[in-house]
Every structure is written in structure tokens, then in C-alpha cells.
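Chemist: Since the structure of chain D is already known, use the hints to place chain L on it.
Chains D and L are the protein sequences, given in the same order. In terms of my numbering, the first sequence opens at residue 1 and continues consecutively. In terms of my numbering, the second sequence opens at residue 1 and continues consecutively.
Treat the hints as calculated values from the structure; they're not laboratory data. Ideal Cβ placement from N, Cα and C applies to all residues, glycine included. Mixed in with the good hints, there may be bad ones.
[As the list claims (entries may be wrong)] Below, a list of computed lysine-lysine pairs in the BS3-like style, where the Cα atoms sit at most 25 Å apart:
#1 D:LYS98 with L:LYS32
#2 D:LYS7 with L:LYS216
#3 D:LYS98 with L:LYS178
#4 L:LYS123 with D:LYS6
#5 D:LYS7 with L:LYS123
#6 L:LYS32 with D:LYS7
#7 D:LYS190 with D:LYS97
#8 L:LYS178 with L:LYS91
#9 L:LYS178 with D:LYS7
#10 D:LYS98 with D:LYS164
#11 D:LYS99 with L:LYS32
#12 L:LYS222 with L:LYS205
#13 L:LYS31 with D:LYS164
#14 D:LYS190 with D:LYS98
#15 L:LYS32 with D:LYS190
#16 L:LYS32 with D:LYS164
#17 D:LYS7 with D:LYS97
#18 D:LYS6 with L:LYS178
[To be verified] Beyond 10 Å from chain L on every Cβ pair, some chain D residues (computed):
#19 LYS125
#20 MET160
#21 LEU166
#22 PRO191
[To be verified] Calculated Cβ distances over 12 Å to all of chain L for the following chain D residues:
#23 GLN63
#24 SER64
#25 VAL75
#26 VAL79
#27 VAL90
#28 LYS99
#29 LEU120
#30 MET128
#31 TYR138
#32 THR161
#33 PRO163
The chain contents come next:
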Amino acid sequence: MTVSMKKNVFVYLMLMILGIIFFFPFAMMILGSLQKVERATADPLFWIPTNPTLYNFSYIMNQSSFVQWIKNSLVITIVPVLAQIFFGAVLGYIFAKKKFPGREFVFWTMMAVVMVPGQLLIIPKYVMFSQFGWINTYASIIVPELWAIMGVFLVRQFMMTIPKDLEEAAYMDGAGDFTIFFRIMLPLAKPAIATIGTFAFISCWNDLFTPLIFMTSEDMFPITVGLASILTKEGNFGVEMAGSAISFVPTFLIFIFFQRYFTEGIAMTGLKS
Amino acid sequence: MITLSKANGQAEPLILQHKPPLGRRFRLEFKKNAIVYVFLIPILAHFLVFQIFPLAFSFVLTFMDWPIIGSPKYVGLANWSYFFQDEIAWKAIWNTVLFSVYYILPTMGMGLGLALLVNFGVKASGFFKSLYFLPVVTSFVIISGIWAWLFKGTEYGMINYILSWIGIDTQLFFSDSKQALPVLAALSVFKVSGSTMVYYYAGLKSIPSHLYEAAKIDGASKWRTFWRVTFPLLLPIHFYVAIITTIGSFQIFDSAYLITGGGPNYATTTLVYYLYEEGFTGLRLGYASVLAYILFFIIFAISLVQRKYLGKDVHY
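With the rest of the complex left out, here is chain D (with noise of 0.2 Å):
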């Protein structure tokens, strides 16, 4: 055996313990969903199917709440995103290529305002959103979320990349101002457009804490609160397990689609982390 055959070695070997490693929550999380358990049996390998069965799915779509959970996180999913990536797109452009005054510090207060933690924001907005009647509304979640800086600046670097001429020469064509930017910025920024677009439905559909604080009836609850409540409760394995399989589906096919974007969006931006 060569040393660099030995050394192929050593990395697959590492590669795989690491896979396994890294795959196994996945695993007993998916093994688990076709176990049919009432309770944690005395048995640490009890979610090892022994007769694998599509109870516990069937179990969970038929709780009505279950459904209308999915419902309301693809409602404050879906429209956040494309919400987010339209400005996103449109502000990335007015910051890189339209000249006015104040450009500058508009876009830098912006950026610098991401630097106040969620956190601080959610109390405040509590009782905004407790006067506007928004509490248990898609509009509480929904509204704050519409645009966000990181994706103007993703569209921003890469737009100013864009050499002027191609938008002068339009504009000596006599083309407006919407037309440049749909004709021509829209399609050239398709890249970014799809960073900012994976990024968003990841954060909105994992997102627990702000839902959690304006989402306070079952029936509003998105996904993620919902399978809180089904876990803070002493819970049923099989269930817990098909509810949160049911819940990964979005996020995997994203996964399985988008993974480029989310690699490069991370090493272009570290949005979060």
C-alpha cells in the first residue's frame, strides 16, 4: 500500500465515523417515526422499527391542529420571502447603482441597526403589536419581516460589480427606470436573488422565538410552536418524531435544491449563524 493510498484511507475512515456521527440523529429521528411506541419502552434501541408502520403519520395528520400548523408556517414562510427577495433586489439596486443624496448613510444606519439583537426589538414591538390588535395575526410575524438589510447588501455587492455602461447605454435607448432594472439588473442578479430567498424560508420556517411570542392560540401556531407544545409535554416518541419529519420535508427539498446558495451566501455574508 502506497502512503498516499494509506492516507485515502484514513480521510474515508474519518469522513464516514463523522457521517455516521452527524447522520444519526437523522436516522433515529426517521427510524423513529415508523415505530408505533405509546411510551419509551425499557429498551434503549426502542425506536428501531420492529414492525415499521405509518401510524404515527396518519395519527398527526389527523389532528387538525397538526394541519393548520403547516398551514400557517407556509403562509409566514412564503410571503416573507418573496417579499424579501423582491426588495431585497430593488434596494440592493437603488444602493449600488442610483445616486442621491444621503445613499450612504441610509444604507449604513440600516446595516448598523442589524446589530441590535432580535431580542431587544420583540419586547417593544410586543406592545406595539398589542395596540394595533396584531397578536395572533399573520400580520405580527409577517409585516416586520417583508424585507432585510443582509439580502439588500448581498444584491448590492453584487450589482455594483455591474459595469455602468450597460445600464447607461439602455438609458440613452430611451428605457426607464423600471425597465432597466427588470429588463436587465433583475435577471443579471439571479444568484444573489437565490441566496437571499434560501436564507429567508430557512429563518422564517425554523424560526420559534417570535412566533412563540405573538402566536398564543393553538390555532395561530406555526410548525415549530406547534411541536414545542407537543414536546414540553411528556411526549410520545413515534408522534414527536413523524411531526418533526413532516416539518424537515420543506427544509430538505431547499436543502436538496438551493445547497450551492447556502454555502456561498455563508462565505459572502455570515448571515447568521
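Modeler: Okay, now just chain L, sitting in the frame of chain D:
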């Protein structure tokens, strides 16, 4: 300047008449900058209402007793002075610092290790890279649910079962006030290592290969090359990753809420968990705002460190 003679002999600068009429100028300006007016103005309004106003209002809240029902009352510095004698608040800060200790270095080390492994570029390393990244996109709720069962504090828990193979007694994990916090930190290490891996991977890719070749010509061993070339050149990444994991660790909430509920005996009451309890279970919004400001000050201080050191670039 060209002037135009008028009947009375007075001269008027022609330049004014060269300018198109006001209405037309507006139209031209709008055509050129329409998008600024149409979108930036509403976004600015949104920014003021949902970010600047709450920021100012939260500061006001720290001086108020603000019940949701009933009228708010000005209490001066009472909330702030209460903070300084609130033992649980200091315990929460201490727990958060401890959590950072358990979490930051392992996450960085794990991320670097994973990046180095993946960077060997053997076949299928892309697949493993995705696998290690998977927990990053998975919600805390899912991972916490699994973690609670993995680390069940009885002999039937999976981890206790594995530990029994090597002769370790049954551990209590979440029911033990010494073990609960490290086990929560382990959850975060598992969840976040994939993203630190991505930073380190990008860093490794940016190191020019001629430096490795030079080290090789000098006869340096792999081990020496790593510590003398790779590791120091990753300095900007170390800093960046250290800062973001530190900020992240001060905001830890989800797993403490989901698995331990701050217990046992306040052992996992982190700063944000305590803020949540005070603000939204106890409805002491004024005091919760004080705690939020403490969090803000801490994060602000960390960001200043970042600004000081991250501005310096490392040149190869």
C-alpha cells in the same frame, strides 16, 4: 453667458429658458430615478416604524412599569437598579458565559477539522460536506426533540447505552445541574459546526498553493506545514468565526426553552431565556427590556472587538 435682449433693454440670463419647464423636469427626473421614489420611501417608513421606533421605545420601556392591560407607570431607574441585585440575572449571564466556553472552541475546532477533511478532495467529499451541513438548516425544534431522547438520563437512553459499553455509569444529563449546560452546548456544536466548516473551507481554498509548495521544498512535514502555514494564514477566519459564534452563543434560547426549561435549578437559564421568562411569562416588560439592553451591550462590545481586529487584513 448668452443673454436675450428684451424690449425694455434689460438682459435676462437665457439659461433659465434653456431648462425645460418644471413639470417636464419632474417627469425626466422621475423617469431616471422612479424606482428610488416608489420603493425607498415606503421602505424608509417601514424601517422607522419597525426598527428605529422600537429601538427608541425599548429604551423608554426600561424606565417604565408596562403592563399589557392597564396604564403604564414611570418608575425611574427601578428596573436598572433591580438588575444589579437580581441574582438570577447574574446567574443567567454567568450561565451564558459558561455556555460560550463549552461551545465556541469546540465549534471552531470541529468546523476546522471538517473543512480539512473535506478539503482533501477525495471522491464523495462533496456528499460528506452536505451531510455535515445538514444540521445547520434543520430547526432547533427538530434537533432538540431528538437530543432530549438521545440524552435521556436513564439507563435506557441511547447515549447512556453507548457509554455503558465502555463501562461508564448511567448519567443524568439534563436532570443534573452540572451536565445540563454542556449537553445543550453539545447540541449547538452539532448544529453549527457545518457552518463554521463552510467558512474554514472557503479560507483553505483561498490559501495560494505556492506557499504549500515552498514549505514542501523546505522539507517541512505535513504537521509542521499545518501549524506554520495553514493555521496562521487562517487568522482572519478564526477571528470572524470566533465573533459570530460568540454572538450566537449569547443569543442561545431555543434548546434551553425546549429541553430543560431553564432548569434544573436555573442551571440552563441563559440570558435570553431569562429575558423571555421575565418579559413574556411574568409580563414584566420593563425589566425584560433592561435585560435586553444588557444583551445588546454585550453583543455591541463583541462587535467592537470584531471591528478593531477584522479591519486588519492578512497579506500572503
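Chemist: Verify the proposed pairing of LYS32 of chain L with LYS7 of chain D, using a straight-line Cα cut of 25 Å.
Modeler: Violated, because 61 Å separates the two Cα atoms, which is more than 25 Å.
Chemist: Does LYS32 of chain L sit within 25 Å of LYS99 of chain D, going by the straight-line distance between their CA atoms?
Modeler: Holds, at about 10 Å.
Chemist: Could you grab the alpha-carbon distance between LYS98 of chain D and LYS178 of chain L and see if it respects the 25 Å cut-off?
Modeler: violated, 57 Å
Chemist: Hint check: LYS190 of chain D vs LYS98 of chain D, CA-CA at most 25 Å. Holds or violated?
Modeler: holds, 20 Å
Chemist: Measure nothing beyond the straight line between the CA atoms of LYS7 of chain D and LYS123 of chain L; if it is 25 Å or shorter, mark the hint as holding.
Modeler: Holds, at roughly 13 Å.
Chemist: Just to be careful, I want the Cα atoms of LYS178 of chain L and LYS91 of chain L compared with a cutoff of 25 Å; is the pair within it?
Modeler: holds, 14 Å
Chemist: Compare the distance between the alpha carbons of LYS32 of chain L and LYS190 of chain D with 25 Å, and conclude whether the hinted pair is satisfied.
Modeler: holds, 23 Å
Chemist: Given the hinted pair LYS190 of chain D and LYS97 of chain D, is their Cα-Cα distance within 25 Å?
Modeler: Roughly 17 Å separates the two Cα atoms, so the pair holds.
Chemist: Straight-line Cα separation of LYS222 of chain L and LYS205 of chain L no greater than 25 Å?
Modeler: It holds: about 17 Å lies between the C-alpha atoms, which stays within 25 Å.
Chemist: Next pair to validate is LYS7 of chain D with LYS216 of chain L; report whether the Cα-Cα distance is within 25 Å.
Modeler: holds, 17 Å
Chemist: Minimum Cβ separation between SER64 of chain D and chain L greater than 12 Å?
Modeler: holds, 20 Å
Chemist: Evaluate the condition: distance from the CB of LEU166 of chain D to the nearest CB of chain L exceeds 10 Å.
Modeler: holds, 15 Å
Hints 3, 6, 9, 17, 18, 19, 27, 28, 29, 30 from the earlier list are contradicted by this structure; the remaining hints agree with it.
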